[in-house]
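Here's the letter readout for the chains.
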Amino acid sequence: MIWILFISFFIFLFLGFPIAFSLGLSAFTYLIFAQVPLVVIPLKMYSGIDVFVLLSIPGFILAGNLMNLCGMTDRIIRFSNHLLGHVRGGLSLANIGASMIFAGISGTAVADTASIGSIMIPAMKKEGYDGDFSCAVTAASSTVGPIIPPSLPLIIAGSLTGLSIGKLFLAGAIPGLLLTVGFMVVSYVISKKRKYPKKARAGIKLVASGFLDAFWALVMTLIILFGIVAGVFTPTEASIVAVLYALFVGIFIYQSINIKGLIGVLKQSVSTTASLMLLVGFANLFGWILVSEQVPQQVAASLLGISTNKIVLLLLINLLLIVVGSFMETIAALLILFPILLKVAVSVGIDPIQFSIIAVLNLMIGLNTPPVGVCLFVASGIGKEPIERITKQVLPFLLVSLIVLLLVSYIPQISLFLPGLFWD
Amino acid sequence: MNRFFIVLYKISGAGAILSILGMITAVFVQVFARFMLENSPAWTEEMARIFFIYAVAFGAGLAVRNNDYVKLELIDRYLTLNRQKGLKAIIQLIIALFFLLMAFYAWEFIIIGLPENSPSLEVSMGLVFSSIFIAMVLVFVFTIEQLILLYKKPQP
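Chains as they are written, first to last, in the working numbering: chain A, 1 to 424; chain B, 1001 to 1156.
Hints are not guaranteed to be accurate.
[Unchecked claim] Below, in silico cross-link-like pairs of lysine-lysine (DSS-like), each with a Cα-Cα straight-line distance of 30 Å or less:
#1 A/Lys198 - A/Lys126
#2 B/Lys1152 - B/Lys1071
#3 A/Lys392 - B/Lys1152
#4 B/Lys1152 - A/Lys384
#5 A/Lys44 - B/Lys1071
[Said to hold, decoys possible] Partner residues aside, some chain B positions facing chain A, computed with beta carbon under 10 Å:
#6 Ile1017
#7 Val1027
#8 Leu1037
#9 Glu1038
#10 Ala1060
#11 Arg1065
#12 Leu1150
[What the hints assert, rightly or not] Covered stretches of chain B (chain A as the covering partner; in silico rule of three or more C-beta atoms under 8 Å from a C-beta of chain A):
#13 1069-1079
#14 1108-1122
#15 1125-1139
I should point out that these hints are in silico values taken from the structure, not numbers from a laboratory. Here a beta-carbon is modelled for each residue, glycine too, at the ideal position from N, C-alpha and C.
Build out the structure end to end from the sequences listed, making use of the hints.
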């Protein structure tokens, strides 16, 4: 019976239905066969969306869009360009650096690909980088943001399971830095081989003025980060403070926000939020069906049936999450899978904080995993490059991600060192 | 017909903006009250959640128009242009029918909520649940618009 749910989901998905509606339609198909009253659909959608921590999603999306509107994003990119422009392939490094500073303020990796990509991909092409490489760098680097704090997926993971969001944030810092450095090395080596351009070294004056320009953006990240880690704000409150802060900077410091632009940004942010929330609502329905069919218990039992060895089990879970992450939006995947996988992981002695980082890292890698990685599709849409060519270019970055994943999986200190300094 | 969609789009946009501003205000009051008055009123969280779900309701239709629902176009590039168009039409027709049907069940959901009141603001839950109905109707209407556009607009 439960197979109807999965099979119809994949049919809808591969025909080209949006992911959110594929979840809804397959749940609908299942409910008809199972003869469950269909009023459960609006009910479960409502209960899935009516969650206070989810209010941080429009908050962070709006803050990110305001950063774009008031020119903060441009300044971040310019600053990282001043810092890194003189290195060969400097613009690709700046792309990665900007993603790190942006650090998932905008919310999800898919949104990061879209907002940084729409600036960086045309700029890189203009300077003589190959289009497919520009798209690949953007898609890869946007997966760094959600690992480096502040991170929306980690907020969701924490609130689903009651883990401390502050600890999760600190745990993501070192893995995120490893990814950033790894991506930069790959970009540099490729750029050197293909003789991509470099610019004259920016003088210390230019770097300094660039820093002053980007300063306000950095402060925003710090407010969110310390607000949440120190327990001053809940994530939702922090996201709204970020919105008000971006508004303040845009109106009074950069003086670049007008009413028309503001209205456009508000509308666009609500639209993006709604598309994610319908996904969350249908995912909640989907997850409810799985639970009532006791699928999580069966998954747990069969995982533990294959092996109770920590190393083998982690490898299996990693594979599962990468595959799921490639076609499923991160937040929906977390809602459906994270609580049960966490239970399995904890039962064989893996630290829950470490496991959360592993899970989010996996889902991020999934976003860039061919043939279906969602970020690849988004980058392909923005850069107007065929997906097959981007896929080929993204492989070296994927390799870096996988190495970092293995390191985080098998060396607990990478994720647990920083939280251990502040707690325990 | 065209005018109908334009007006509805404007209404959804206005609803979306007012709801999100309401949500921001409610959360801000909560933060402000905690730091300045040292205790925050109980209703801020509930109010923020209600505004949020209404923002989602109005935004659900906007998202159809803005093409914000992420999808994987896996088989499109193996099809001829005409077949792509046909497939798109079928997909949109199925989505429209699904949301039309869901609107009826969402209506039933409102009826269930009517007699109950929310814990701190004491508004009828029927009113709160109406958000889901609005979302379903708006997705239905704007998907129909996409379907019409598909056959009206000359293919690029």
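These are the hints, each one checked on the structure:
The straight-line distance between the Cα atoms of A/Lys198 and A/Lys126 is roughly 13 Å, inside the 30 Å bound, and the hint therefore holds. For the proposed pair B/Lys1152 and B/Lys1071, the alpha carbon gap of about 23 Å is at most 30 Å, so the pair holds. Of the supplied pair hints, the one linking A/Lys392 and B/Lys1152 is violated, its CA atoms being roughly 38 Å apart against a limit of 30 Å. Of the supplied pair hints, the one linking B/Lys1152 and A/Lys384 holds, its CA atoms being roughly 25 Å apart against a limit of 30 Å.
Taking the CA atoms of A/Lys44 and B/Lys1071, the gap is about 23 Å. The hint holds against a cut of 30 Å. The beta carbon of B/Ile1017 comes within 5 Å of a beta carbon in chain A, closer than 10 Å, and the hint placing it at the interface holds. With a cut of 10 Å, the hint placing B/Val1027 at the interface with chain A holds, because the nearest CB-to-CB distance is about 4 Å. The interface hint given for B/Leu1037 is violated, since its Cβ lies 15 Å from the closest Cβ of chain A, which is over the 10 Å cut-off.
For B/Glu1038, the interface hint is violated, the least distance from its beta-carbon to any beta-carbon of chain A being 14 Å, above 10 Å. Hint on B/Ala1060 holds. Least Cβ distance to chain A is approximately 5 Å, under the 10 Å limit. At its closest, the beta carbon of B/Arg1065 sits 8 Å from a beta carbon of chain A; the interface hint therefore holds under the 10 Å criterion. Residue-level restraint check for B/Leu1150 is violated (minimum Cβ-Cβ distance to chain A is 13 Å; threshold 10 Å).
Counting residues of the region 1069-1079 of chain B whose CB falls under 8 Å from any CB of chain A gives 8; the rule of at least 3 is met. Taking a C-beta to C-beta cut-off of 8 Å, the region 1108-1122 of chain B contributes 3 residues in contact with chain A, enough for the three needed, and the coverage statement holds. Figure legend: the region 1125-1139 of chain B, annotated as covered by chain A; annotation consistent (7 residues with Cβ-Cβ distances under 8 Å, at least 3 required).
Checked against the numbered hints given earlier, the structure breaks hints 3, 8, 9 and 12 and satisfies all the rest.
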